[in-house]
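**Q** Listed below, chain by chain, are the residues.
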Amino acid sequence: MRLLRAILLRLATSAVTLAGVAVIVFVVIRVVPGDPVSMMLPPGATDDDIARLRAFYGLDRSIPAQFLIWAGGVLQGDFGTSITNRQPVLDLVLGRLPATLELSVLALGLAVLMGGVAALTGTRLRGTRTEAAIDVANGMALSVPDFLWGLVLVLLFGVIFPVFNISGRVTPSLDLPFTTNFYLLESILRLRPDLVADLLSHMILPALALAIPLAAIIGQLLKQSLKETMHLDYVTLARTRGYGENHVILREALPNAILPTLTLVGVQFTFLIGGTVIIERLFSYEGLGNLAIDAVINRDLPLIQGIVILFAVIFTAVNLIVDLACVALNPRLRHG
Amino acid sequence: MADAASAGGGRGRGRRAGLRLWLAGGWLLFMLAVALLAPWIAPKDPLAQDLFLGRLPPFWVEGAEPGYWLGTDSLGRDVLSRIMHGARVALLVALVAGSLTCLIGATLGLLAGYFGGWADILISRGIDIWMAFPPVLFSILLVAVIGPGLPAIILAIVVIDWTRFARVVRAEAMAQAAMDYVASARVAGRGRAGTLLAEILPNVLPTIVVLLTLEMGIAVIVEAILSFVNLSIPTDSPTWGGMIAEGRSSIHQAWWVLVFPLVALFLMVLSFSQLGEGLKDRFDPVLR
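As you go down the protein sequences, you meet chains U and L in turn.
Under numbering that gives the first Met the number 0, think of the first position of the first sequence as 0, with each following residue one higher.
Under numbering that gives the first Met the number 0, think of the first position of the second sequence as 0, with each following residue one higher.
These aren't lab readings, by the way, just hints derived from the structure by calculation.
Hints are not guaranteed to be accurate.
[Stated by the list, open to error] Partial selection, computed: residues in chain L whose CB lies under 10 Å from chain U:
no.	residue
1	Leu50
2	Leu52
3	Gly125
4	Leu136
5	Ile139
6	Val142
7	Phe227
8	His251
9	Glu276
[To be verified] Now the in silico label distances, taken between C-beta atoms and shown as ranges:
no.	chain 1	residue 1	chain 2	residue 2	range
10	U	Ala5	L	Gly116	16 to 26 Å
11	L	Leu36	U	Cys325	52 to 62 Å
12	U	Pro171	L	Gly116	51 to 61 Å
13	L	Val208	U	Ala5	44 to 54 Å
14	L	Ala32	U	Leu155	27 to 37 Å
15	U	Ala5	L	Leu266	44 to 54 Å
16	U	Pro192	L	Leu266	39 to 49 Å
17	L	Val208	U	Gly126	41 to 51 Å
Predicted, not measured: the structure shown is a model, and the values here were computed from it.
Glycine included, every Cβ here is placed at the ideal spot set by N, Cα and C.
Please model the entire structure based on the sequences and the hints provided.
**A** Next comes the structure, spelled out in structure tokens:
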């Protein structure tokens, strides 16, 4: 019962957060000085045409009235019509979402892999130069944000050793059989290694740029937790029973050290998703972030609103899942 | 927290942390001098175009023109001079936006953490809402709304990043407020505002200074990102982000247009964060 109440309370907080985001973004972009409508019309348009178009997009009403109309539509799944593309915002946004999701999940996987390997290697080789080197690399990776790592990767693997693609999502001249926008997932399911290779060659650098700072955070925290766990009695016991160091770290220490890292990964994943906005721009990757920047530059109000709300929904959902997972995984919280 | 927590105790670590502070601080002071003196020490006019001197390579590559040490971009503008002038924008944004964000965020954090009640509920809710915004997109949106220019960039950074200070300072102020020395100050007759300023603030100050240093690095990056998407300041003064955007588009023809501003940006961001981490070690009595 108490658990149920906690979950309901958490859901209510999330709803308040999303409503807050909606209000703020709506008010902020209504202050835009440029008039998006006058940019849509040919130079010869009369004032009457402009007024009719403004009325069509509802821009002639007061801001609270506009908000209520828009929010009512959103609750029914209608996010309005994009001013530049003349398509429903929801279609545009959902069309781009898979690209961003694939990139974010690939980046998360890389971060967990790199951070995990760094932490385990550092723990296995404690007190050696390798551990010191890993610590220095971690510090560097943490000090510099994804945008700069992206630029460094563009230089290294796009220009000096041109082995990967530095722009786009897929080579357009290839035969593309996709029926969904989950290109990577679909290529894997269709057993098309050529397409998987081409997609990964486009995705690997942006994914790495997003992954490096997160990998550093994971590596640092996991290593710290491992270090604390390694001094516990049951680990010493396993050692005296004659188990080797690898077994002790992987089988005894790791399962107990991993929970704080998992919590952190969830929270940091939202930062990674936020980072896709500029990383997609940098690598001309056709995802949500790139669409968002175009929408801002073109003053496409309905589209901007839709994208920001979608990002906020994703962030809130990730945080919610992490919180609930923590409750589920931690018996002390479950009964507390 | 970076490598200090893991490297264990000992004098070797202390010396290394000291070296890190000096290197980072020294580089920032050097860049500050370059930025202040740019109009006098830059070898060329950073805006002067000469299409006959476009895409000249840096001095050690064949085809370089004397006087253009780090080469020129596609419009024939001197890369070195543009980096020197770009440092002015980067550091101005770092100092002004960093300080303003710190002032507002730390004040709200102190109020929420010490007074609690409605102030805390309002501010904490605000932080939650802010955390649900994608920060880069939010800053691009704000600058697009306000219109390009330095004030817009600074305002965008303050509006978005105040939560970095508010979150941490709130938690610290709360922890301090629960301590005995605060209670005894109250018993001794200090008012609430007096206790906040005279007892709690000094104890939270080291954290604020560390956050401020880190925030300056973040501000430099945000400015670079905004000028990268061409929303920073009008073209009358060069920015590193703008140079990087140009370098990105001509990367296969002239790598130096990207490399040099990137190195400048990388070193400045790294210096701010190393300075922050180094100060954190200095201030934290447990680590020391």
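**Q** Determine whether the Cβ-Cβ distance between Ala5/U and Leu266/L falls within the hinted range of 44 to 54 Å.
**A** For Ala5/U and Leu266/L the Cβ distance comes to about 47 Å; the hint holds.
**Q** For the hint on Gly125/L, just tell me whether its beta-carbon gets within less than 10 Å of chain U.
**A** The hint holds - Gly125/L has a Cβ within 10 Å of chain U, the shortest such distance being about 8 Å.
**Q** The hint says 51 to 61 Å between Pro171/U and Gly116/L; measuring C-beta to C-beta, is that right?
**A** holds, 59 Å
**Q** For the hint 39 to 49 Å, verify it against the beta carbon of Pro192/U and that of Leu266/L.
**A** About 41 Å separates the Cβ atoms of Pro192/U and Leu266/L, which means 39 to 49 Å holds.
**Q** Once the shortest beta carbon distance from Leu52/L to chain U is found, is it less than 10 Å?
**A** Constraint on Leu52/L not satisfied, violated at 23 Å.
**Q** Given Leu50/L was flagged as interface, is its beta-carbon under 10 Å from a beta-carbon of chain U?
**A** Result: violated, 24 Å to nearest chain U Cβ.
**Q** Hint says 44 to 54 Å; check whether the CB-CB distance for Val208/L and Ala5/U agrees.
**A** violated, 37 Å
**Q** If you check the beta carbons of Ala5/U and Gly116/L, does the distance land in 16 to 26 Å?
**A** holds, 23 Å
**Q** Falls inside 41 to 51 Å, the C-beta gap from Val208/L to Gly126/U?
**A** violated, 33 Å
**Q** Against the range 52 to 62 Å, how does the distance between the Cβ atoms of Leu36/L and Cys325/U compare: consistent or not?
**A** holds, 53 Å
**Q** So, Val142/L near chain U? Judge it on the closest CB pair being under 10 Å.
**A** holds, 9 Å
**Q** Report holds or violated for the interface hint on His251/L, using the least CB-CB distance to chain U and a cut-off of 10 Å.
**A** holds, 7 Å
Of the numbered hints given earlier, the model fails hints 1, 2, 13 and 17; all others are met.
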